[in-house]
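Please arrange chains B and C on chain A, whose structure you already have, making use of the hints.
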Amino acid sequence: MSPAGPFGGLAMIAGTLETSLIALVLAVIVGLGTSIAIVFLIPKRLRNVVATLVELLAAVPSIVYGLWGLLILAPWMESTVNPWLNKWPFATAIFGSPGKEFGTSLLLASIVLGIMILPTFVAISREVIAVVPQDLIEASLSLGATRWQVIRGVVLPTAKIGLFGATFLALARATGETVAVALVAGGVANAQFHLLYPGTSIAAWIALTFGEAQGNEIAALMALGVLLMLLNFGLSLVSRWLVRRQRLVLERV
Amino acid sequence: MSDMTELDKPTEVDNELRDEIRRISQHSRARRATVSKVMIALCAVALVVTAVPLVLLILQLLEKGLPVIDKTFFTTLPSTPSLIAPNATGGVSNAIVGSIALSLYASVLAIPLGVLVGVYLAETESRLASSLRVIAQTMAGAPSILMGLFAFSFVVHDLNIGFSAIAGSFALAVLMLPVIVISTEIAVRSVPNTLREAGLALGAKSHTVSLRVVLPAAVSGIVTGAILAISRAVGETAPVLLTIAGGFTNAWKPLDPVSAMPLTIFENAKSEWPSQRAQVWGVALVLVAFIFVLSLSARMWASRKQQVRN
Amino acid sequence: MTEIKSGAAVATSADIRGATAMQLHDVAVSFHGRTAVRDCTFDIAKNRVTSLIGPSGSGKTTLLRALNRLHDLTPGAKVSGQILLEGTDIYRGDITVTELRTRVGMVFQRPNPFPTMSIYDNVVSGLRFNGIKKKALLDEAAETSLRAAALWDSVESRLKVAASNLSGGEQQRLCIARALAMDPEVLLMDEPTSALDPIATLRIEELMTTLKSRVTIIIVTHNMQQAARISDDCAFLLMGEDRAGELIEFDTTEKIFNNPKDSRTLDYTLGRFG
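Line by line, the protein sequences give chains A, B and C.
No gaps in the numbering here: position 21 of the first sequence is 21 in this note's numbering, and each next residue is one more.
No gaps in the numbering here: position 54 of the second sequence is 54 in this note's numbering, and each next residue is one more.
No gaps in the numbering here: position 228 of the third sequence is 228 in this note's numbering, and each next residue is one more.
The shape of chain A in the complex, shown without the other chains:
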């Protein structure tokens, strides 16, 4: 673990944004499909079972995801995924030089974060999609829309604001996630952004270095904490505002 240098926060801030945003993209794409599948493909009787499962998975502590990422995914990344990724064009620019990459990396942290925020995103987006009134769906079907056109043309636009709310909430979760990132990101505070190099985030850096920190370092970590708090509160305010607006949209229907 390298020292924090002159208490510069750039590496942590960048690492936080980088891992959270990649995680968010993964989680939103997969999560949206999952929510649609849960609402429209799974028989009603099974839906509650799936909902319970999703909630249980959201209850798995982050340390367990971190452990799994560190002891199972990291070796697999190192032996299989990283060499494969390095074969692609521009791989060096995106992922870093072959041979210098690690199993624990910003990319692994993003993937683990993505898996962790998926249940959060699905729990809300599933609900938002499920409350789109049935008669809007039937109206579009009665106009000759295919099932996908109903989803694309009516369900998703009607649920749009609530889905943005779910996205912001998932982003807030991702930016605040601590120990999982501390375990799988590699824990190196270098201001470089190749995805397969080790990195860190604000929260992870506080967790990793607080125990040994002295004097000024503690103050610097506290300042990072305040920054994290502002970021998180901002995101959660936006998210709740959006979910409230979604409710208004549905009331008008």
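To be clear, the hints were calculated from the coordinates, so they are not data collected in a lab.
Take the hints with a grain of salt, since some may be wrong.
Below, in silico cross-link-like pairs of lysine-lysine (DSBU-like), each with a Cα-Cα straight-line distance of 30 Å or less [to be verified]:
1. B:253 - B:270
2. A:160 - C:160
3. C:135 - B:37
4. C:135 - A:160
5. B:37 - C:133
6. C:78 - B:37
7. B:270 - A:100
8. A:100 - A:87
9. B:270 - B:71
10. A:44 - A:160
11. C:46 - C:261
12. A:160 - C:134
13. C:160 - C:133
14. C:134 - C:160
15. C:160 - C:135
16. C:134 - B:37
17. A:44 - B:37
18. A:160 - C:133
19. C:255 - C:46
20. C:78 - C:46
21. A:160 - B:37
22. B:71 - B:253
23. C:78 - A:44
Being a predicted model, the structure only gives us computed values, none of them experimental.
Only chains B and C this time, still in chain A's reference frame:
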């Protein structure tokens, strides 16, 4: 009907327009059906992609966790492996005792206060109530490391209590508080108004009604919320990482430095000893099993009560 | 009772009424094996308004939704018997459901314009679903169908405004315009005025009588006066002992209300039950 001149004219079908529309829609029909099938299939794939890592995680937790759990795992203190005895990991009794103590103290700190605030929010409409509500909602999503930082600077540092179970449970209590407040408010609000009015009609004061009539009626919802809050707190690592210091004894008193299951996982996951890394899976399995039992029982409690009421 | 449902009786009234838009033959709908409505055999005449009447639970709405295969969505739903549209069984294997639904449109109980779309986008939504992108075509269809729904004059200047700004009655007429834009042969209406005030209801009723020159209308209604005022033919359904709805009588509205063959029909139309 005679005054409805516009309506009286029978409307004629424009055949040219109809034919053109029919032609285009016929022409695009096969393509639209294919697109729909492909996209729906992709959604099913997404469901599988979501399920696979989560199922794998649970299976591997069982596969790697079960073999390392035995009697000594629960009853003995940890020991450090050495070259002579590389498998001498001991047990994790310190972590289990510490986790139980932490959840207990945190519950004592958070549940009474949380329930009171929740009842207050449900029973009054004031500016204070709505700002408390916003604070609770914002805190519910706040990163847990912040609770750790707060508890460190307030309890460990300012109050000069030092690394201790009470500092850790303070951090966890701050984490649990919003969950309890929000679930209590929802539970109290769902108590039928007729019950409240019956109490008032008998001449009781409004705060007496709140505490003697409404609170007992809302108790199942409050218990559910409290169990969920405990199940969330017991798995948290970041708040205790900064506050309890850990240790290799079965310490449990409020002012002692204690250990905790998540902390043991965090510290031993990177151990150089394979035996310690293997043992960590056992700790993780016990932790997850504990959390699942708690949240499933909370869920079942809630749905059972719902059925009774209906 | 049997002779009422016999082919001969239907044929006679069909002769009076001219060409046939849809034919129902021994139609039954069941959910998970439990029958909701059965024994429905009658013809729906072209360019007339046919109303389905009967008390709650008699399966009117269930039967209506079978006519554009909306039950396809419901798990466990099964339709038996034959429903012919222009002589073709709509449940035949090679029928494209999306195409069928462009030919048999539907208007719902509650005005349900798409909340995220403007008035214009709502009207042309069916066309867009069906792959029509040409602006000129969309504009023309929008104007034609808004005119047909007697809404053009009041919304011409605010086509880009959100549909939710319209009043309840206007919203329902917008939904009618939306269904008309695809130029369906048949328009199904499921209690289209039950959520509207009396004046808006009257406007919709007047609209139906003018619309039947271009589209065959089948309407479910709870309101006896409405059925008597607007429909040309009338099917009376009633819940049997097994709690499944069945067709009691089908005839011209005039006969159903003045001279029904079945005493239960008379009881119902006189408001003795239901």
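Violated hints, by number in ascending order, as checked against the structure: Violated hints: none; all satisfied.
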